[in-house]
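Modelling step: build the complete structure from the supplied sequences, incorporating the hints.
Chain by chain, the residues run as shown.
There are 2 protein chains.
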Amino acid sequence: MSKSLPKRSENYSEWYNELVKRADLAENSAVRGCMIIKPYGYSIWEKMQRALDDMFKETGHSNAYFPLFVPKSLFEAEETNAEGFAKECAVVTHYRLKNDPDHKGKLIVDPNAKLEEELIVRPTSEAIIWNTYRNWVQSHRDLPLLINQWANVVRWEMRTRLFLRTAEFLWQEGHTAHATKEEAIEETEQMLHVYGTFAEEFMAVPVIRGKKTANERFAGADDTYCIEAMMQDGKALQAGTSHFLGQNFAKAFDVKFTNKENQQDYVWGTSWGVSTRLMGALIMAHSDDEGLVLPPKLAPIQVVIVPIFKGAEQLALISETINPIVKELKKRGISVKFDTSDKQSPGFKFAEYELKGVPVRLAIGARDLGNGTVEIARRDTKVKQTYPLEGVVETISNLLDEIQENIYQRAFNFRAANTHVIDTWEDFVKTLDEQPGFISAHWDGSPETEEKIKELTKATIRCIPLDAVEEEGKCILTGNPSSRRVIFARAY
Amino acid sequence: MSKSLPKRSENYSEWYNELVKRADLAENSAVRGCMIIKPYGYSIWEKMQRALDDMFKETGHSNAYFPLFVPKSLFEAEETNAEGFAKECAVVTHYRLKNDPDHKGKLIVDPNAKLEEELIVRPTSEAIIWNTYRNWVQSHRDLPLLINQWANVVRWEMRTRLFLRTAEFLWQEGHTAHATKEEAIEETEQMLHVYGTFAEEFMAVPVIRGKKTANERFAGADDTYCIEAMMQDGKALQAGTSHFLGQNFAKAFDVKFTNKENQQDYVWGTSWGVSTRLMGALIMAHSDDEGLVLPPKLAPIQVVIVPIFKGAEQLALISETINPIVKELKKRGISVKFDTSDKQSPGFKFAEYELKGVPVRLAIGARDLGNGTVEIARRDTKVKQTYPLEGVVETISNLLDEIQENIYQRAFNFRAANTHVIDTWEDFVKTLDEQPGFISAHWDGSPETEEKIKELTKATIRCIPLDAVEEEGKCILTGNPSSRRVIFARAY
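Just so you know, the sequences run in chain order G and X. Using our numbering, count along the first sequence one by one with no gaps and you end on 492. Using our numbering, count along the second sequence one by one with no gaps and you end on 492.
Calculated from the structure, these hints are not laboratory results. It is possible that some hints are incorrect.
[Claimed, not checked] The calculated DSS-like cross-link candidates involving lysine-lysine, where the alpha carbons are at most 27 Å apart (straight line), are: (1) G/Lys57 x X/Lys106; (2) G/Lys104 x X/Lys114; (3) X/Lys181 x G/Lys260; (4) G/Lys57 x X/Lys327; (5) X/Lys181 x X/Lys251; (6) X/Lys114 x X/Lys104; (7) G/Lys87 x X/Lys251; (8) G/Lys256 x X/Lys343; (9) G/Lys331 x X/Lys260; (10) G/Lys235 x G/Lys430; (11) G/Lys114 x X/Lys297; (12) X/Lys310 x G/Lys260; (13) G/Lys57 x X/Lys251; (14) X/Lys384 x X/Lys57; (15) X/Lys260 x X/Lys310; (16) G/Lys310 x X/Lys260; (17) X/Lys343 x X/Lys3; (18) X/Lys343 x G/Lys114; (19) G/Lys331 x X/Lys330; (20) X/Lys98 x G/Lys87; (21) X/Lys87 x X/Lys47; (22) X/Lys331 x G/Lys57; (23) G/Lys349 x X/Lys57; (24) G/Lys343 x X/Lys181; (25) G/Lys330 x X/Lys349; (26) G/Lys297 x G/Lys310; (27) X/Lys57 x G/Lys47; (28) X/Lys349 x X/Lys7.
Take a look at the structure:
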């Protein structure tokens, strides 16, 4: 709490790293690239999980759990998928340690306990799940399978950053199987919209819903849908993906069913996931130089009440007024902390709760009591205002709604201000460097052009928006004809 | 559904295995010893998680997340613990696969991607967590640390059984750090009682709260507390453990703090856990030859309503009466399924919901409608009774409470009937074989005697009950003096 955070304007990346640590969200561990999610950070993740899980269940999905390990022979069955993940797989080769004969108290891997077949620590679970689905599906009456799992996965990333890219991360992965192509596509799109709704309504982060280009597709998918968010440095962050898998995994794992016409067919699949990466998006979308700014719907503490007092007697007086308010807030499902500690000064507490992103802060002292008022500070705008104590629960409740809405609107306006419609290569390059953000531009549809643009500018096609308007245009790089604009940006 | 289950009286073990599969709770996977928890089974586990998590939070604990992997050098730091788990560790040695030059489309472990230090897949997380706590604790003001994590762990068991013993399982592990020995012991005991309350009030499984003998202690603990339950075959099942770790991990990982007297001291630790093994206990404690018997508090579907109808018109009439009842039940937080499918006969449905352990089943046909009645069947006693439709929601609600209580009472009576106070070796051996259950007997307190008894009878000391009465007696095997009885049993 002694030092202030680095400023976003000076070093956005450093600001992020420091904020994650100082706000007690996460830290690096003794294991390369693996993070520790600290209690405060985890409690935000729990709120995300709960909201998402409710949405999955409302759309008919059930949770299940599949093994952490994938035998190598299963892993390689769907070749595109295997190739896509092979370079970042943690591999279990042995199942026992033994005492090191040369160093007392030390252990070594027991060479006699080598596995016949290596086990891959799941980087994603399509292989193990589709291998199971084969036994679960015989007839069209067994379909659809609508299953989700909350799990940890491991991808051996070389350059890691807390929440944004870690070797182990937590996520949910939905895996569904359907009788028809249409139904599977519908599911893929439905789950994209669930993610979009979650991002906007809970995280207060506006997102663009779109499709990835072939270059950026999930390995093993026929189509990848995504939601893309803009961070405060103008960079894009892919916040969730939903894949239409066609019959690729069904064919690789021989998952067939008897359809209504009594014929054998392969089932159609989807998979979709969001991860602890969402924490990174949440932090970078809203927070400021004083610390976290959390949308009320995901804030572990929505309201903090800081009494200004000297001695037990004054505190008792304040508590007499505040305790019923705390009770009433809790009754409404509002999480509130009444911080009566006398170990820290009110000023210290103010800074601490600002750092932690608590949306609403009440301060109340002897004089306020006399006046029947309370000072309320909003974390989002930092506006402080005096309100009557009477009806304060209603005031707070309305304020929380207002803050949720305001944070979203601010992010929406920011994105609008930093989205540029560009028609020439010169402007394209210049805008990327001088006004980083989303660029809406024409592209000729070829993977080579996309690759070339990436090479020249580090910008990638984030997505082809679902609501892209058909219009005639010329590719920003080649001048070849294009029928719609796509979104370019540099990305996390 | 075609075949009936094996009978408990004929082959208890086979009955369990079949029940777990047929009731869609879990199945074996392609990975040796790792299970797949199916949606219905997982939904019971979710209910357990939710109830336990609430209890942990009520007692001041927060959730966090620590890495899946433990570097070998950390793993071996607490030697007793390391030795206890070394023989069942899955070890990651490589972080990349590559194409097999000899077999197109196949992958091999890339020998160039060998880790400098092997990573152990956590069998338990004391090592990685205490290594982190070192940086989190400086002063007594940083204590206590009251942290829990929900996670998967891996122990390479040679003989596995669904839920009871699997190579990977899901669990929660609490890890706390305290300024004083007394406080740590108090925490250890508190969490044991949380587990006891959960087992009895939610699972409806009566448990004995006790301490393990030195032989059966957690590797690295000074004391292990446990709850022990009796299954229907008279065998014991350890359902949860809570460990007082003394300063063992603090010393191994150098976790010191400045106490109130301004002196450096090592912190005191506890850890405590329950796992998906609880599912095994739940199944084996209550279920019968027709299938699962679930306590209402953990049943994913608490009430099923089966309409007896021919044609859409009759169903519409029944639905008119039933829909408001369904709505009212849901309003009370009772989970209900109105099974209107015409694909299966009522008889088939009855058997299916019996297999799945749905506590209350309503059947209603045209005649019932006319009479203003409904037939209600209890899963626990299989008693069917006709009730007036008026007030049926109240009837159901009371019945659920009654079933919860009855299942507990039945298990309690079963345990009482199968707990034997034994004073001679001859009776001890005979009782174990002829009336399997708990044996309350004297033991001289020596590990050698305990070991010898195990060797001779396969019975182990399940625990020294916390409420054991001080009494003079003679050891069942050696005749040496003993001051209290302990609980012996054969165990899962």
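Status of the hints after comparison with the structure:
1. For the hint linking G/Lys57 to X/Lys106, the alpha-carbon distance of about 38 Å lies beyond 27 Å, and the restraint is violated.
2. Between the alpha carbons of G/Lys104 and X/Lys114 the distance comes to roughly 25 Å, so the proposed pair stays at or under 27 Å and holds.
3. Among the hinted pairs, X/Lys181 with G/Lys260 is inconsistent with the structure: their alpha-carbon atoms are about 68 Å apart, more than 27 Å.
4. Taken as a hint, the G/Lys57 and X/Lys327 pair is honoured in the structure, with Cα atoms around 18 Å apart against an allowance of 27 Å.
5. Of the pairs offered as hints, the one joining X/Lys181 and X/Lys251 holds, with about 14 Å between alpha carbons and a cut-off of 27 Å not exceeded.
6. For a cut-off of 27 Å, the pair hint linking X/Lys114 to X/Lys104 stands: about 23 Å separates their Cα positions.
7. Between the alpha carbons of G/Lys87 and X/Lys251 the distance comes to roughly 39 Å, so the proposed pair goes past 27 Å and is violated.
8. Between G/Lys256 and X/Lys343 the CA atoms are separated by roughly 22 Å; this keeps the pair inside 27 Å, and the hint holds.
9. A C-alpha spacing of about 38 Å is found between G/Lys331 and X/Lys260, which places the hinted pair above 27 Å, so the restraint is violated.
10. Distance check on the hinted pair: G/Lys235 and G/Lys430 sit about 15 Å apart at the alpha-carbon level, within 27 Å; holds.
11. Straight-line distance between C-alpha atoms of G/Lys114 and X/Lys297 comes to about 44 Å, which puts the hinted pair past the 27 Å bound.
12. Taken as a hint, the X/Lys310 and G/Lys260 pair is honoured in the structure, with Cα atoms around 24 Å apart against an allowance of 27 Å.
13. Of the pairs offered as hints, the one joining G/Lys57 and X/Lys251 is violated, with about 46 Å between alpha carbons and a cut-off of 27 Å exceeded.
14. A hinted pair counts as satisfied when its Cα atoms are at most 27 Å apart, and X/Lys384 with X/Lys57 does not qualify at roughly 40 Å.
15. Between X/Lys260 and X/Lys310, the direct Cα distance comes to roughly 77 Å. Violation of the 27 Å bound is thereby established for this hinted pair.
16. Taking the CA atoms of G/Lys310 and X/Lys260, the gap is near 24 Å; set against the 27 Å cutoff, the hint holds.
17. For the hint pairing X/Lys343 with X/Lys3, the CA-to-CA distance comes to about 19 Å; that is within 27 Å, so the pair holds.
18. A threshold of 27 Å between alpha carbons decides the hint, and for X/Lys343 with G/Lys114 the separation of about 50 Å lies outside it, so the pair is violated.
19. At roughly 21 Å between alpha-carbon atoms, G/Lys331 and X/Lys330 fall within 27 Å of each other, so this suggested pair holds.
20. Of the supplied pair hints, the one linking X/Lys98 and G/Lys87 holds, its CA atoms being roughly 7 Å apart against a limit of 27 Å.
21. Proximity of X/Lys87 to X/Lys47 is assessed by CA-CA distance (about 33 Å); at most 27 Å being required, the pair is judged violated.
22. For a cut-off of 27 Å, the pair hint linking X/Lys331 to G/Lys57 stands: about 18 Å separates their Cα positions.
23. Note on G/Lys349 and X/Lys57: the hinted pairing holds, with a Cα-Cα distance of about 24 Å set against a maximum of 27 Å.
24. Of the supplied pair hints, the one linking G/Lys343 and X/Lys181 holds, its CA atoms being roughly 25 Å apart against a limit of 27 Å.
25. Note on G/Lys330 and X/Lys349: the hinted pairing is violated, with a Cα-Cα distance of about 43 Å set against a maximum of 27 Å.
26. Using a Cα cut-off of 27 Å, the hinted pair G/Lys297 and G/Lys310 is violated, with the two alpha carbons roughly 34 Å apart.
27. Taken as a hint, the X/Lys57 and G/Lys47 pair is honoured in the structure, with Cα atoms around 14 Å apart against an allowance of 27 Å.
28. Taken as a hint, the X/Lys349 and X/Lys7 pair is honoured in the structure, with Cα atoms around 21 Å apart against an allowance of 27 Å.
In terms of the numbered hints stated before, the structure departs from hints 1, 3, 7, 9, 11, 13, 14, 15, 18, 21, 25 and 26, listed from lowest to highest.
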